[in-house]
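**Q** Spelled out from the first residue to the last, the chains are:
Protein chains: 2
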Amino acid sequence: MNGAEALVRTLLGSGIDMCFANPGTSEMHFVAALDRVEGMRCVLCLEEGSVTGAAEGYARMAEKPASTLLHLGPGLANGLTNLHNARRGYSPMVNIVGEHATYHRVYDAPLTSDIEAVAKTFSHWVHMATEAGSVAQDAAGAIAAARRPPGQIATLILPADVAWNEAPDGPAAPPAIARPEPVEPDALRRAAAILRSGEPAAILMTGRALRATSLDVAGRIAAATGCRLLAQTSNARMERGAGRVAVERIPYPVDAALKTLHGLKHLILIGGKAPVAFFAYPDKPSVLTPSDCEIFTLARIDQDLEAALAGLAEELGATKHAPAAEPLKRPAPPQSGPITPETLAATLAAQLPENAVVVDESISVGRAFYASLRNAPPHDWLQLTGGAIGDGLPLATGAAIACPDRPVICLEGDGSAMYNIQSLWTQAREKLDVTTLVMNNRSYAILKGELANVGAQNAGPKALDMMSLDKPDIDWSALARSLGVESHRASTVEELNRALDASLAARGPQLIDVVL
Amino acid sequence: MNGAEALVRTLLGSGIDMCFANPGTSEMHFVAALDRVEGMRCVLCLEEGSVTGAAEGYARMAEKPASTLLHLGPGLANGLTNLHNARRGYSPMVNIVGEHATYHRVYDAPLTSDIEAVAKTFSHWVHMATEAGSVAQDAAGAIAAARRPPGQIATLILPADVAWNEAPDGPAAPPAIARPEPVEPDALRRAAAILRSGEPAAILMTGRALRATSLDVAGRIAAATGCRLLAQTSNARMERGAGRVAVERIPYPVDAALKTLHGLKHLILIGGKAPVAFFAYPDKPSVLTPSDCEIFTLARIDQDLEAALAGLAEELGATKHAPAAEPLKRPAPPQSGPITPETLAATLAAQLPENAVVVDESISVGRAFYASLRNAPPHDWLQLTGGAIGDGLPLATGAAIACPDRPVICLEGDGSAMYNIQSLWTQAREKLDVTTLVMNNRSYAILKGELANVGAQNAGPKALDMMSLDKPDIDWSALARSLGVESHRASTVEELNRALDASLAARGPQLIDVVL
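Chains as they are written, first to last, in our numbering: chain X, 3 to 518; chain D, 3 to 518.
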């Protein structure tokens, strides 16, 4: 077998059986190997932001890395932004990046670039394969790195001749799966002491601490001690809704975040980072906690967050306390009138299907969605973790591939949707049950507020022009259909209800142009 | 005035009055400055590949750099691929990349990344501004770097507080424009001796050597010495067509390139690089020149190519020889039948408007276009220079902005078109006279040949699936209209003629879905 086949078999041996791809000439041997080896599903995306974003969404829901296949330095470069987002959300990923044959690089052909330098910008682990005989071991190294807690980006660069030369030893053995480090017993005792102090305290969580079973434990701790439960502003995945313990998210706007954290004397981090402003603004603080709030890291993100919560509950004798699980409350859906952020939030609360995966990249329009879905049927909530907009459609694509039996709802800003709009085609090709709601307000609405927030007063016409997406209006229904996605247009609540009914009843991807 | 305003005024002082932008919160002060300062045109693009690609197209035609405005590391990352292409085509560019306020970086907010590392991957010059008082000088440094022959990528990182703080000294003086280095007289004598030797020789050109006036000189040299005139496979801009001296391009396929270069004993480089294969293939050479061909560099790309040609003609006494300028030949357009690469090439030759700017990213379908337009009315020919596909629509956008009085024709593969499809919206917004012909063969057709070329025989269904763009077919007409571009569908030669007639007569962007 050749190097490419040894590589594919090594991936499969570790259970990595999903590959999101946009290949070129230098990756043809990897592609050819897919037909000689059973078991690797390969999904084509039309540009690389869709590739890496889909791999990210897949990893969040499948709880294991996907592989990606990218075409040399520029192909990788197009996918970097969603590596940034994946990195910020601790999603594992194994990128295979093609490269010129080792002996060809010296000639500096047009597509030559410093792929290692490109890869290092947003990967935790980078390796350039040098021979077919060792590429399987290289792949095992990439897999081990990707799975290192809390989840890492591993990028293996595969020169064409390494792929096509004979690999006499075949695939490598699957590397052991590394367990996250446990927290120190002393840290548990200190955290328990803080929570017993009676001073205003909160636990700030992200990562696996936001799964239902951990939230149940956190709920017991809150019941026993009166502490508050907080989540980061953005989280890769949260299990929430009816029957689960609700967590307050730190809001994005600085003033609202300060208000949320006001009065806290103690903040215990379980995976979370000390809360800071998303951007700096003149005359607003970067640090969001009160100056007299003491921050204690009980568990770093690479530690065992579930065990940390369990250990803390044990230490506090809280395991028998009853957590405050949310009741199911289905509001009656609004029946008529214009679509506003509020009526949209209420409609979602009324209509959200059971067991949905909700991808939220709704930016300014969606600020009320999180609260409104607190008592909806149980669902997963996936957010943009790195702030680099455009991740929503690819995330939904990957999540739907990981969870073929669950409805995926993608709440997407119109500005954000345009970065990786190509993902719609992949949704159609793979017949994925994704319903995308595009918040069509014909602007980068968040920037209008931010312009004032940063002190750039009295915006003139040129500045406003940089935030407006009209001239021309994008016809979202036609755009979706042109890429094979069924679509609906809703400019009233009645139309929105009808469009949601139709979309949720249909199979295959749907897009609703939600005109605000 | 604040740092942002000092920066904008410094750009304007050097004649950089064009900015392609996709800004975010950290760039709001730059955006606000646009309304306080007269003269900077700012064009919004919906993702950053369209930003940098448009800046590249603008630079090729305007013969000066545009500026870009990008949102932190991820915004820059999305634009890297077309920086790669611009770099390979020697197009100057001044990128302004927003960054968190200097004091905010330490907090590692979600959008934080190592922007300098990202920028360095494809920029010649990178600088992180540190204070408002010096940002104008920084900008002057960026401008000087961008203009350094043959044209460079300069990236200035602009922290938000550097933009919003007071800049007491205002804008900086425009830096001097560097002239390209002349070639050595001795090199001219050696090149002349080679051409006088009577042995089979060719001149290989790119860059400014491919403008009409230089080609006229090259034509005189060819007339005097019998040498052949060659151009690189890909060139940023070539002036060609009737009344101009034609140049043979080295073909992309290795076998065809070997045939073109067969028998040559001497190759004189004027800006061009020694020809090598675009990719490596097992059992094919990387170096394309015959083993006994001597390569002589008369002028590096950063030297004065026009003066090199003029000096060589002088040295050879060739200035009075008559160059073989191409006659105008308008073939009768095909009247009926299916659209094939051949009928399409003939139709273009019959219909190409006077003084067009042709952007060619037609990949496999377009292999006959270059030859077929040899005797068309004078036009500029712009190619993908770095091999990272997706540059065509942004290039056409930037070229149309630089040349508002010229028709721009974009010959675009369907696979390639999808990388930066968002550029269509900017063409509509700016009402640009671009006619895009999408070569709709529903596949990455080039890869089907490449799969065999690299020796991956007997492609199976999974491999072929990675090259097919059907399932679903993209509805190009609907896609274009959804983004505000008028569109036409042509699946016969009759329909193609009608669509071209209508498109070329209309104002504003047009797209023709050319169904092959």
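Treat the hints with care, as some may be off.
Copies of the same chain look alike in the list, so a pair counts if it fits in one copy or across any two.
With a straight-line Cα cutoff of 20 Å, these simulated PhoX-like cross-link-like pairs (lysine-lysine) come out [stated by the list, open to error]:
#, residue 1, residue 2
1, 464, 450
2, 473, 433
3, 322, 261
4, 464, 433
5, 450, 66
6, 433, 286
7, 275, 450
8, 464, 122
9, 322, 275
10, 66, 261
11, 331, 66
12, 473, 66
13, 286, 450
It is worth saying that the hints were derived from the structure and are not from the lab.
**Q** All the hints need checking, so say for each whether the structure fits it.
**A** Taking the hints in turn, this is what the structure says about them:
1. For a Cα distance limit of 20 Å, the shortest separation of residue 464 from residue 450 inside one copy, 13 Å, qualifies, whereas the shortest one across copies, 47 Å, does not.
2. Within a single copy, residue 473 and residue 433 get their C-alpha atoms only as close as 32 Å, which misses the 20 Å cut-off; across copies the closest is 10 Å, which meets it.
3. Taking CA atoms no more than 20 Å apart as the test, residue 322 paired with residue 261 passes in neither setting, with 32 Å inside one copy and 82 Å between copies.
4. Proximity of residue 464 and residue 433 under a CA criterion of 20 Å is satisfied inter-copy only: 17 Å between copies versus 42 Å inside one chain copy.
5. Taking CA atoms no more than 20 Å apart as the test, residue 450 paired with residue 66 passes in neither setting, with 39 Å inside one copy and 32 Å between copies.
6. For the homomeric pair residue 433 and residue 286, neither the shortest alpha-carbon distance inside one copy (47 Å) nor that between copies (41 Å) is at most 20 Å.
7. With identical chains, the CA atoms of residue 275 and residue 450 are never at most 20 Å apart, being 28 Å at best within one copy and 48 Å at best between copies.
8. With identical chains, the CA atoms of residue 464 and residue 122 are never at most 20 Å apart, being 37 Å at best within one copy and 31 Å at best between copies.
9. In this assembly of identical chains, the alpha carbons of residue 322 and residue 275 never lie at most 20 Å apart, being 29 Å within a copy and 75 Å across copies at closest.
10. Proximity of residue 66 to residue 261 under the C-alpha cut-off of 20 Å is found in neither arrangement, the shortest distances being 37 Å within a copy and 50 Å between copies.
11. Taking CA atoms no more than 20 Å apart as the test, residue 331 paired with residue 66 passes in neither setting, with 33 Å inside one copy and 62 Å between copies.
12. Taking the shortest alpha-carbon separations for residue 473 and residue 66, neither the intra-copy value of 43 Å nor the inter-copy value of 28 Å comes in at or below 20 Å.
13. In the homo-oligomer, the alpha carbons of residue 286 and residue 450 lie at most 20 Å apart inside one protomer (18 Å), although the nearest pairing across protomers, at 57 Å, exceeds that limit.
In summary, the structure is inconsistent with hints 3, 5, 6, 7, 8, 9, 10, 11 and 12 from the numbered list given earlier, while agreeing with the others.
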